[in-house]
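Enquirer: Please model the entire structure based on the sequences and the hints provided.
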Amino acid sequence: MQKLSIIWVGPLFVLVWSTGFIVAKYGMPYTDPMTFLTMRFVGVLVIMLPLCVWWRPTWPSWRDTSHIAIAGLLMHVGYLGGVWSAIKLGMPAGLTALIVGLQPVLTAFLAARLAEKVSARQWAGLVFGFGGVAIVLADKLGFDGVTFWGVVLCFIALISFTTGTIYQKRFCPMFDLRAGTMIQYAASAAVAAAMMVTLEPMSVQWTNEMIGALVWSVVFLSIGAMSLWFVLLRQGAATRVSSLIYLTPPTVAIMAWILFDEALSLWVALGTLVTVIGVWLVTRSK
Numbered sequence: 119m120q121k122l123s124i125i126w127v128g129p130l131f132v133l134v135w136s137t138g139f140i141v142a143k144y145g146m147p148y149t150d151p152m153t154f155l156t157m158r159f160v161g162v163l164v165i166m167l168p169l170c171v172w173w174r175p176t177w178p179s180w181r182d183t184s185h186i187a188i189a190g191l192l193m194h195v196g197y198l199g200g201v202w203s204a205i206k207l208g209m210p211a212g213l214t215a216l217i218v219g220l221q222p223v224l225t226a227f228l229a230a231r232l233a234e235k236v237s238a239r240q241w242a243g244l245v246f247g248f249g250g251v252a253i254v255l256a257d258k259l260g261f262d263g264v265t266f267w268g269v270v271l272c273f274i275a276l277i278s279f280t281t282g283t284i285y286q287k288r289f290c291p292m293f294d295l296r297a298g299t300m301i302q303y304a305a306s307a308a309v310a311a312a313m314m315v316t317l318e319p320m321s322v323q324w325t326n327e328m329i330g331a332l333v334w335s336v337v338f339l340s341i342g343a344m345s346l347w348f349v350l351l352r353q354g355a356a357t358r359v360s361s362l363i364y365l366t367p368p369t370v371a372i373m374a375w376i377l378f379d380e381a382l383s384l385w386v387a388l389g390t391l392v393t394v395i396g397v398w399l400v401t402r403s404k
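Quick note on the numbering used here: the sequence shown kicks off at 119 and runs consecutively.
Since the hints were made in silico from the structure, they are not lab data. All values derive from a computational prediction rather than experimental measurement. Don't be surprised by glycine CBs; every beta carbon is placed ideally from N, CA and C. Hints are not guaranteed to be accurate.
Derived CB-CB ranges, DEER-like [to be verified]:
id, residue 1, residue 2, range
1, TRP173, GLY330, 25 to 35 angstroms
2, LEU317, PRO147, 10 to 20 angstroms
3, VAL315, ILE165, 19 to 29 angstroms
4, PRO147, ALA238, 37 to 47 angstroms
5, LEU384, TRP180, 50 to 60 angstroms
6, GLY208, GLY249, 20 to 30 angstroms
7, TRP385, ALA308, 39 to 49 angstroms
8, GLU318, THR265, 24 to 34 angstroms
9, PHE289, LYS235, 36 to 46 angstroms
Expert: The structure is reproduced here in structure tokens:
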């Protein structure tokens, strides 16, 4: 079952997760990060609440509920808020993706500290994977618009998602996905809303692009992609699962080539090959 999850659920997760960067391209010009995320999280709750009433999922204990909520805050508010806020401040998307691309290496380091064995082959694969990501982004990196706070927000996103992954794997690896989704997005919506009211003007331009980005984010990213991530995290080690994040930049590059006619250079092809080799080294059976 674990192997099948990596083989089939893994590529599907990468494909859906990668669309998040495309969605940001459509939605970011029309509102602020926490305003968009608040609407996104509330949208998930609006869909999931009647479904949970119908399904009657098994709800966790109060102790487990707190662990699930903390993991959700780190992975949703911390990660998404950091990335979107950094880009809003003018951080280049390529540099942002490269910083966040350190996540599998940081996850492996923390996992090794927490008694999850990471083999020499997996460490080599992590290095290959990050190298591939760097090659893919080599001709897209730029430093115009880089600010101190933009870099800080990128590292907040990196640390938040990494910590959330390890935290969930360690303290609440098994829970009803329907109940867990409600808990995580309820907590995230409350915190994001508080930040929205405190920090942002709460203005939204309701263009077709904005509406499409919001609907896609709610249904396919927040519900679809995160559910796939939870399944993967439940079935596999944190290091193996996190290595799949390396496949996001090459996938985004291919999507941008198809949707926006962006050039698909030799660097992208070479970097994709190196990245795939790295992920294979991390995830393959012994």
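Enquirer: Now tell me if each hint is right for this structure.
Expert: Now the hints, each set against the structure:
As the Cβ distance of TRP173 to GLY330 is approximately 28 angstroms, the hint placing it in 25 to 35 angstroms holds. Between LEU317 and PRO147, the C-beta spacing of about 18 angstroms keeps the proposed range 10 to 20 angstroms intact. Between VAL315 and ILE165 the C-beta distance comes to about 23 angstroms, which sits within the given range of 19 to 29 angstroms. Taken as a hint, the range 37 to 47 angstroms holds for the pair PRO147 and ALA238, whose Cβ atoms sit roughly 46 angstroms apart.
Checked against the given bound of 50 to 60 angstroms, the beta carbons of LEU384 and TRP180, roughly 55 angstroms apart, stay inside it. A hinted range of 20 to 30 angstroms for the beta carbons of GLY208 and GLY249 is consistent with their spacing of about 27 angstroms. Restraint check, TRP385 to ALA308: a C-beta distance of roughly 43 angstroms satisfies the suggested window 39 to 49 angstroms. Against the hinted window of 24 to 34 angstroms, the Cβ-Cβ separation of GLU318 and THR265 comes to about 18 angstroms, which falls outside the hint.
Remark: the range hint 36 to 46 angstroms for PHE289 to LYS235 is contradicted by a beta-carbon distance near 19 angstroms.
Checked against the numbered hints listed earlier, the structure breaks hints 8, 9; every other hint is satisfied.
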